[in-house]
Amino acid sequence: MKTTRIPVAILCALWLPAAAYAQSVNERVHVLQKRDYSVKGKFEIGLFGGLTVGDVFTQQFAHTLTFDYHVNEALAIEALWMSSKLPFANGTRIAGSGQAEYKDDKNFRWGETYTGAYDQVKSDAQLSPSNADLVMLSNYIGVAVQFSPIYGKWSLFNWGLGHADIYLTAGGGVATTDYRKANGNWVDTGTYFVGSFGGGFRIFLARWLALRLDLRDYTFAARVEVPAQGGGGGTVETKIRNSLYLMFGVCLLFGGEAPVEIWSPY
Amino acid sequence: MKTAILSASLMLLSSAALAQAPAASITQAVESYNAGSFQRAALQFYEVKQTDGNAANRAQAEYYLGQSLFRLGMYQSALAYFNAAFVAGPAHPYYLKGAEGLIKVAEALRDDTLIPSQINKYYNAQEFAAMDPMALSRINFYVGLLLYRQEKYGESMAFLGAVDESSPVFAKALFLQGVIHIRLGVRAAAARDEAGSQREYEQAIALFERIIDLSGREKQKALAAIARYDNIVRIWQLCTLNLARAYYGKGDYQKAVQFYERIPRFSQDWADALFEVGWAHFMRKDFGKALGALHTLHSPHFGEMFVPESWILKATIYFHVCLYEEAEENLKFFEDTYAKMIPVLRELTEKGLPNEAFSNLLLKDKLDEADPMAKVPAMVRRYILENPRVENFRHFLRSLDGEGRAIAETSEWKGSRLAEELAGIVTVQRNLLEKTAGGFVKANLLSAAQTIQGFSNHAKLIALEITPAKRELVKAGVSIKAEERGRLAPRPRVVDETYNYWPFRGEYWEDELGYYEYTVRQACLKTEK
Amino acid sequence: MGVRKILLIVGSCLALSAAAQAVAAEPIVRNQLFGLGGRFEASLTPAFSVFDKYTRHMTISAGLGYFFNDYIGLEFEGGYAVLHGDRSLLKEIVSTAVDTLQGIKKLPLSDLKYMTWFVQGGLVLCPLYGKLELSSELAVSFHLYFVGGAGVADWRYHQLGDALPDDFERIEVDYGVKPTFYFGGGLRFHIARAWSLRLEIRDEFFYDKYEAEHKVATTVEPKTITDFNHVTLVRLSMGWSF
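Protein sequence lines correspond, in order, to chains W, R and E.
For the first sequence, the working numbering gives the first residue as 1, with consecutive numbering after it.
For the second sequence, the working numbering gives the first residue as 1, with consecutive numbering after it.
For the third sequence, the working numbering gives the first residue as 1, with consecutive numbering after it.
Treat the hints as calculated values from the structure; they're not laboratory data.
There's no promise every hint is true.
Using 25 Å as the maximum straight-line C-alpha spacing, the simulated PhoX-like pairs for lysine-lysine come out as follows [what the hints assert, rightly or not]:
#	chain 1	residue 1	chain 2	residue 2
1	R	Lys-285	W	Lys-34
2	W	Lys-122	E	Lys-209
3	E	Lys-91	E	Lys-209
4	R	Lys-481	R	Lys-285
5	W	Lys-239	E	Lys-223
6	W	Lys-122	W	Lys-103
7	W	Lys-122	E	Lys-178
8	W	Lys-181	E	Lys-105
9	E	Lys-215	W	Lys-122
10	E	Lys-209	W	Lys-40
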């Protein structure tokens with residue numbers, strides 16, 4: 001918590017002074033409120049579903065399983081597995097050199113698709129996007145650190161009260177990547193280290209239940225080997241790709257501080 | 001007054017009633033009763049009671065007439081016949097049963113005054129020893145409650161102490177004893193008997209702890225206690241509040257604060273707890289928290305609550321921290337809001353209105369402009385209406401109105417002397433209830449006027465103290481304006497990361513109520529105390 | 001969209017906000033500091049496009065809004081795209097297919113049009129009021145809001161030149177002023193009684209029926225592209241209310 005104090009103090013100085021709202025020059029009124037939804041020391045298991053946003057040619061659907069431990073209110077560590085394809089399943093391999101190519105004979109890749117723009121570029125305009133622009137993450141496993149310095153609350157139409165944590169996250173892991181060739185076959189482009197960063201918020205429905213909306217960018221190197229054509233040598237096309245995932249999740253929280261019972265006969 | 005109500009009922013009951021043909025036998029009446037035909041049974045018992053030559057039959061009929069009416073939900077009517085059996089004394093074969101019947105009616109009508117007073121009047125310890133211990137415990141509790149209200153604490157304790165441990169009212173009886181010890185502690189403290197006062201508070205604490213111990217402080221045992229004792233959850237809540245009061249009385253303000261803070265927010269005791277914890281913080285010189293508690297009490301959530309003393313406490317705190325302008329502002333608020341009520345309240349209570357005129361405040365949902373009760377300030381009206389006894393009055397009134405309608409609508413009784421007699425009982429009781437409710441309102445209006453007057457005098461004392469304090473500042477060559485005398489105290493420390501800090505800017509969030517804390521300018525000169 | 005439909009939407013929103021005020025008989029927030037009802041708001045908004053397909057934008061706009069109550073208001077604004085044009089992605093694709101595109105002037109792709117100026121107006125709905133606490137140090141009140149409306153905008157696109165890929169962006173075609181719609185949402189952070197900072201994401205779109213060209217074997221033939229042309233903007237605006 002202390003680590004956030006300095007930047008926040010600078011922000012405070014930039015912000016218009018709250019003193020403008022005080023009632024009397026000789027007193028200040030403060031609210032020191034016990035959080036209704038404390039996460040300190042809690043474990044969190046989340047199941048997410050979502051899709052990529054913003055990519056021109058690729059459109060992925062994915063699910064993510066997360067396991068978080070909240071070291072304190074502001075810091076959590078997270079392990080996650082995100083998948084758009086059944087892990088380790090590829091279908092029938094087609095013989096040949098270079099990157100492994102598979103026949104698209106089973107629906108393993110349930111979350112890996114291409115956009116309408118891709119079809120339009122291919123069929124209407126008869127153009128070809130770079131193969132590296134078509135590479136997708138099929139499975140990702142990694143860890144992340146979550147920093148949530150912001151706690152918020154709100155009322156909807158001045159009725160009902162909601163609470164949320166707003167967080168930033170950064171991490172890394174490994175991912176398998178692939179793309180679909182024009183002939184419909186899938187090419188395994190390899191396993192790479194992937195960096196991720198993003199943010200989101202956690203809306204508390206109960207002390208044990210939260211909804212999360214998470215926007216996370218995964219950065220990876222898409223490396224596509226183009227086999228030799230005729231007498232010439234093959235080429236390697238490499239691009240740094242970003243996949244931005246918008247995920248919605250349901251999370252269960254357990255452990256941590258027992259709820260504050262202000263009064264109980266027990 | 002209370003005796004008059006019962007006497008009037010009895011007069012009606014004893015008025016000669018002509019028997020109506022054909023006369024029923026006690027056997028037929030009992031058969032109807034056993035068959036669950038209570039309307040017919042009541043009519044037949046009434047005929048037996050009026051016409052049967054056998055005294056034993058008449059006595060039996062009298063009691064079972066009460067029972068039949070009770071089973072029909074006609075509690076006021078039943079009361080008349082149970083009471084007749086009871087006041088007839090031990091010679092009546094249903095004397096003890098009559099007493100038990102009275103307690104059943106008292107609970108059904110939520111009457112903790114009239115019937116207990118009647119039982120107390122004819123209480124016969126020797127005869128009551130033969131009664132079912134559970135029923136006797138209830139009688140002892142209600143009589144104890146009545147005597148407590150009459151401030152006869154010694155006698156009350158004797159009755160309450162006689163309540164059986166296995167009785168459902170045992171926890172209530174213990175609680176009332178604890179409250180009496182607190183009252184006695186206050187009394188001893190006023191008489192400067194410090195040791196006596198401490199002793200009383202300690203006894204009170206021991207009793208309240210004993211009641212909480214009935215929960216076993218463990219869920220399963222607590223659930224068993226909830227099933228066993230009347231209203232025990234509420235009693236536990238009240239014990240928490242009263243433990244806080246007892247520790248406050250003992251001068252252990254730290255512990256008092258702990259218990260006050262255990263009162264659930266938004267519960268019915270919360271406003272009392274906020275005000276009282278304000279005093280406890282003040283006594284601990286924790287002025288920021290004291291002002292914070294009052295800030296919640298004065299928030300829009302509580303609206304215009306009748307809490308005159310809270311403004312005096314606020315002014316006192318400001319005086320203690322040398323913020324004289326703020327103290328004067330609060331005194332002015334008290335003067336403008338509360339002191340102005342005194343003439344209105346005095347006029348209402350001193351112009352000789354009959355008690356019935358006061359009852360409108362309780363019994364009518366909307367008051368006409370011409371009604372004198374419309375002049376009662378809204379804050380005082382709300383204060384009176386929030387008294388738990390008001391709901392009892394209203395319940396009693398609803399019960400009487402319902403009973404009157406039921407009597408008129410019972411086809412089997414149409415044109416009977418029984419119907420006529422019961423209608424008379426209900427009408428008389430309703431009139432008397434209006435008088436009693438009116439008396440309650442009048443007493444509360446008087447009490448409100450006296451309370452305000454008392455604090456008004458206190459306000460004048462504070463104002464008198466402020467003047468020389470300001471003079472001292474001038475003499476010391478220091479500005480009267482607090483902002484030129486010292487620095488604002490720093491923001492309070494956030495307890496730990498599970499707490500949120502929000503600056504208050506005039507916006508009241510419902511969930512933040514109860515979490516306010518003030519910091520004030522350190523405006524006292526070093527020599528000032 | 002007909003006037004009747006617009007009136008119907010405005011009426012529904014007003015009814016909804018009136019119902020919301022009725023519901024709030026036991027309000028969560030009393031003495032709300034940043035009420036919007038009955039206030040005008042002038043705003044200046046820089047914005048940049050995100051999730052771009054083939055075009056990119058940076059715009060600046062000025063607007064005026066009025067709130068009927070705390071929950072609903074109307075806004076009008078006009079703006080200009082100080083930066084508008086194509087993304088390098090399009091040029092890259094074109095450069096890899098110079099032979100295929102010989103003779104084609106109008107690419108048969110959707111979302112090729114970019115905005116230059118726009119004037120629009122619509123509804124603002126603010127259902128949610130809250131506050132954020134940053135590390136127990138700073139508290140900021142906010143409104144979550146949604147916007148939706150319509151207006152007109154000037155749209156343009158680039159034709160392909162004869163000497164691809166170098167003169168790819170040399171010919172700008174004025175596509176005309178089109179009825180344009182928008183919807184979006186964001187957060188209004190209140191930094192003082194009269195000043196607020198809005199962070200918003202907004203999608204601007206128009207219905208595009210575009211006569212393009214494509215090749216069938218070696219012949220260039222016309223092709224009609226019908227689709228919505230979208231521009232998604234992230235807007236950061238400073239508002240002053242009075």
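To see whether the hints hold, each was checked on the structure:
In summary, the hint linking Lys-285 (chain R) to Lys-34 (chain W) is supported, as the alpha carbons are separated by about 23 Å, within the 25 Å threshold. With a CA separation close to 20 Å, the supplied pair Lys-122 (chain W) and Lys-209 (chain E) stays within the 25 Å bound. For the proposed pair Lys-91 (chain E) and Lys-209 (chain E), the alpha carbon gap of about 23 Å is at most 25 Å, so the pair holds. A threshold of 25 Å between alpha carbons decides the hint, and for Lys-481 (chain R) with Lys-285 (chain R) the separation of about 23 Å falls inside it, so the pair holds.
The hinted pair formed by Lys-239 (chain W) and Lys-223 (chain E) fails the criterion: a straight-line CA distance of about 33 Å is larger than 25 Å. For the hint pairing Lys-122 (chain W) with Lys-103 (chain W), the CA-to-CA distance comes to about 20 Å; that is within 25 Å, so the pair holds. The hinted pair formed by Lys-122 (chain W) and Lys-178 (chain E) fails the criterion: a straight-line CA distance of about 28 Å is larger than 25 Å. Straight-line distance between C-alpha atoms of Lys-181 (chain W) and Lys-105 (chain E) comes to about 28 Å, which puts the hinted pair past the 25 Å bound.
Note on Lys-215 (chain E) and Lys-122 (chain W): the hinted pairing holds, with a Cα-Cα distance of about 12 Å set against a maximum of 25 Å. A hinted pair counts as satisfied when its Cα atoms are at most 25 Å apart, and Lys-209 (chain E) with Lys-40 (chain W) does not qualify at roughly 56 Å.
Hints 5, 7, 8, 10 from the list above are not met by this structure, while the remaining hints are.
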